[in-house]
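Visitor: Sequence:
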Amino acid sequence: MSDRTVTTEEQHDDAVLDVTLRPQRFAEYVGQTKVKATLAIAIQAAARRKETIEHVLLHGAPGLGKTTLAHIIAKELGANIRVTSGPALERAGDLAAILSNLQNGDVLFIDEIHRLPKTIEEVLYPAMEDFALDLVLGQGPAARTVRLDLPKFTIVAATTRIALLSAPMRDRFGHQFHLEPYTTDEITAILTRSARIFSIHLADDARDTIAQRARRTPRVANRLLKRVRDYAEVKGDGRILRPLAIEALAQLEVDALGLDALDRTILTTIIEKFRGGPVGLTTIAAATNQEAATIEEVYEPFLLQLGFLERTPRGRCATPRAYEHLGLQVAKDGTLFS
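For the sequence shown, the tail end lands on 373 under the numbering used here, and the numbers increase by one without skipping.
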């Protein structure tokens, strides 16, 4: 699954790509207009009062720019940023070491905050509210609590699973923003900017073709651009023209709507083996040799967005749009024909 070209999850080569293409200011950041406007006002108001802004929670699907926004917030504040993640904070001492080394006005970015251990959450509460750290020194009857004052700082947290975040933790964020999937025009603008940074000759119609298959996600768009660029350098003269872009995307098995081979396998399995459904998630997983959680969390969301799947109390059903996209029709007796 990690090798899928159109996966929104970060891949091993995305880190270098993100650093190269990451916008540094709100003016360079394409999309999420309402989020940017609200944050810009909060940052300007805090600067006039010479205060830190309230803690910020960013949530939404992978690849929509949560990490990029965290870095931009720090840049706009003129502050240093420290980066960690929920899984990396295993002990209270890990968090205490990070917090005690922060400077006044710093930004602490916590990725995947929904994966913070509960014990770490409890230590984080007074740090977020009172800018203080409660430490327990000693053991048994001799144990005592010491409160360590911390500098004023801002936590920017990101999560793809906000439902897994506890209510007390959510309530401690003064700003909470849901990042929406991008429009095709916004993806087009991102591709134009990326091509300029990479010094790629990208024809307008080739750019539009890539944008239509990018699943409304900047990370996927930039990854597809990189793959098409490689193809153009080997099979052509380096210029990305529409016929060559279509060839490259066909080789990657990414169709006109951004579905790849695994997406289509799930749909054809439901249609051909189970007459379009309804069929249970575990049955689909067994028939496609995938994990049920992977299908539900990785594949299904985009198929649902496109209207190719329906969730019913009895299971998943393929919609008429899915049949049409795959070039299939159903006779009255349930027989499939193309």
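Each hint should be verified, as a subset may be incorrect.
[Claimed, not checked] Derived DEER-like restraints, expressed as beta-carbon distance ranges:
{"hint": "1", "residue 1": "Ser201", "residue 2": "Pro176", "range": "54 to 62 angstroms"}
{"hint": "2", "residue 1": "Thr73", "residue 2": "Thr154", "range": "30 to 38 angstroms"}
{"hint": "3", "residue 1": "Ile232", "residue 2": "Asp184", "range": "41 to 49 angstroms"}
Just so you know, these hints were derived from the structure itself, not from any lab.
For glycine and all other residues, C-beta sits at the position ideal for the given N, C-alpha and C.
Visitor: Does each hint fit the structure? Answer for all of them.
Guide: Comparing the hints with the structure gives:
no. : hint                                 : in the structure
1   : Ser201 to Pro176: 54 to 62 angstroms : violated, 32 angstroms
2   : Thr73 to Thr154: 30 to 38 angstroms  : holds, 33 angstroms
3   : Ile232 to Asp184: 41 to 49 angstroms : holds, 43 angstroms
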